[in-house]
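Student: Heads up: the protein sequence lines correspond to chains A and B, in order.
Quick note on numbering: the first sequence equals residues 436 to 798 in the numbering used here.
Quick note on numbering: the second sequence equals residues 344 to 624 in the numbering used here.
Warning: the hint list may mix true and false statements.
Quick look at which bits of chain A chain B covers, simulated, 3 or more residues with Cβ under 8 angstroms [claimed, not checked]:
(1) 455-463
(2) 469-478
(3) 576-585
(4) 631-644
(5) 680-689
Hints were generated in silico from the structure; no laboratory data involved.
All C-beta atoms in this analysis are idealised placements derived from N, C-alpha and C, irrespective of residue type, glycine included.
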Amino acid sequence: MSEAPEVKKPMGKKRIELDDRLKAYKGVWVFVEHERGKIHPVSLELLGEGRKLADSLGVELAGVVMGLPGEVTRSFCHEAFFHGADLCYLMEDALLTDYRNEPFTKGLTDLVNKYQPEILLLGATTLGRDLAGSVATTLKTGLTADCTELNVDLDARSLLATRPTFGGSLLCTIQTLNYRPQMATVRPRVMPMPDADTARTGRIIEDTLGMFEKDIITKVLEFIPDAMQDKPQLPFADIIISGGRGMKKPENFKLIWDLAKVLGAEVGATRPVCQAGWVDLERQVGQSGKTVRPKLYIAAGISGAIQHRVGMDASDVIIAINSDPNAPIFDFAHYGIVGNAMTILPMLTEAFRAHLATARKAG
Amino acid sequence: MHIVVCIKQVPDSAQIRVHPVTNTIMRQGVPAIVNPYDLFALEEALKLKDKYGGRVTVLTMGPPMAEAALRKAISYGADDAVLVTDRAFAGSDTLATSCALASAITQIHKDMPVDLVFTGKQTIDGDTAQVGPGIAKRLNMQLLTYVSKVRSVDLENHEITVERRSEGGVQLLKTSTPSLITVLEGTNEMRFATMTNMFRASRYQIKVWNREQAGIEDVTSVGLKGSPTVVSKVFAPTPRAVKAEIIQCVGDDPKELSVTLLAKVFAKYPKLEKEIAKRAV
Ligand SMILES: Cc1cc2nc3c(=O)[nH]c(=O)nc-3n(C[C@H](O)[C@H](O)[C@H](O)COP(=O)(O)OP(=O)(O)OC[C@H]3O[C@@H](n4cnc5c(N)ncnc54)[C@H](O)[C@@H]3O)c2cc1C
Ligand SMILES: Nc1ncnc2c1ncn2[C@@H]1O[C@H](COP(=O)(O)O)[C@@H](O)[C@H]1O
């Protein structure tokens, strides 16, 4: 999707006969991304979503696990089963220790060509986007990036991949009709996390990469891990207090931090606020920032522009404080307070503190 | 050293409005800009040119008006500019776009061998981050995405060392040229256009190539025909069925109001109350 999305072929009700070449592709796959001994949560979220797609199509759901040989990599298959996979394709090779485009592209492309899935989903992470773009071009098939919703059109056995377009002002649904597999990436936290069912098991199909280090041109000289302690984990926070330009000046953000502290919450912000340096860029919520889905999202001095909304819309409860009764945020918040954030925030902090103290005493 | 930088002209999406009734995009009066992410790629290329010498060619595929983006790039210091434009490209998705750009780069390479291809991280209108990887695969080049810094280039041995942002850290990677790099945002700050370059930009003769000149023989590899993806529906996000319950800040008692709010929220979401009580300090 790089050009203006004109509606090219409206889907009629007519049944579309897939040709035999396409019919050979069966099943839904999720690429299982992992780092430092843990599956990336987005892959589990995708397994949950993939399960639904596979059920509607009446096919199996498979995880694709690629990594260095050993128990840890193998355990990812079982975790994939717990989260909905029926089987896993497992490719173990020392060359797959660190992510590099070349071996991962070859490995995944080979698996697709051999086992022919109709749908292939990846997380829209740095790794997933790098790999998805490469695999799609190698296979010359369609790829829809950053989807917010996935469905299937049963008649055409076609994936309906919906994503924001025009800077998020509109949504569009994209299909890959005459090519297989149909590929899509989805950002972390866009889909809900499925419950794990540790009683579930599945089949493991092993395959080999068939490459040597000397075949791979790019070398990893070093990996410098991020300092973890001060990196905000916004996407997975349960409570987020966010501020926007309506907070007026950086010093006023203290009111946000105060409330966050009482609630054990993370702090988020809108893009203008992050770009002005009031808070770290990592804290930006929205289309070009992080997607979050906390249990509680409090937005203070935020207008609710669509680019912000798409990043926090899935929050369970949204409370907005804004001095403008017509601010768009009130169209999708659950509760709204019309008023000055600078006076309301401290009161809200106090009310939470008092309420929690009694609640805790009551046990 | 010869670096090709792919830039795209995009509508300034900050200024796009959707027609409230028809749900169509109102493009009138929306200015076209150089995709902001591509400026980081251009500046990084210009920096390498300052350091190692060579030339920077900017390349875009788009309508004739996209030449304005190329002139902008020249005013910043790019040496050459190529516009690939043809009706046959209309409706191209990322696969078709990368096909056209890869083919144009092959043509540019014939005039002067290309060592590096730079793209932005993503566009603000397409927003896919796929065109870069697509070009690399078509040209069979090494692909380095999300590069935050080019550490060094060894022209003699055709090697380049870069820092790449990956999940949870930075990879220090070494690879051989020619290779394709997608440059991360925020890695540098675009220089100011000099008077000399602005003057040059206004008079520069941009190379304009149609499909054949860009070396694309197969019409079905570009445009709608070369695009596996089809947009089947465009629509506005659905408003929530129930609007926010508004609590007016009447008089001067935000305290009362906060207490009321919490009572309401927790009455409706008792699980949330437990959750918060459990974790808060
Ligand atoms: C391509 C693109 C990507 C983008 N990505 C993102 C993104 O990821 N995240 C993001 O957030 N934005 C993003 N934006 C920007 C977005 O369009 C908005 O400009 C932005 O979200 C607005 O931020 P804001 O609500 O803080 O500021 P404003 O829109 O200026 O709103 C400030 C609000 O504060 C209220 N206010 C003023 N004073 C007070 C007061 N005393 N008390 C209470 N309320 C008060 C005002 O009524 C107003 O509603 C993007 C834009 C583009 C074009
Ligand atoms: N039409 C185009 N012309 C030139 N470069 C482009 C074009 N489309 C995309 N690119 C480049 O590819 C990058 C990624 O684009 P996208 O895949 O649309 O997010 C952009 O930052 C540009 O550098």
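Student: State for each hint whether it applies.
Tutor: Verification of the supplied hints:
{"no.": "1", "hint": "455-463", "verdict": "violated (count 0)"}
{"no.": "2", "hint": "469-478", "verdict": "holds (count 3)"}
{"no.": "3", "hint": "576-585", "verdict": "holds (count 6)"}
{"no.": "4", "hint": "631-644", "verdict": "violated (count 0)"}
{"no.": "5", "hint": "680-689", "verdict": "violated (count 0)"}
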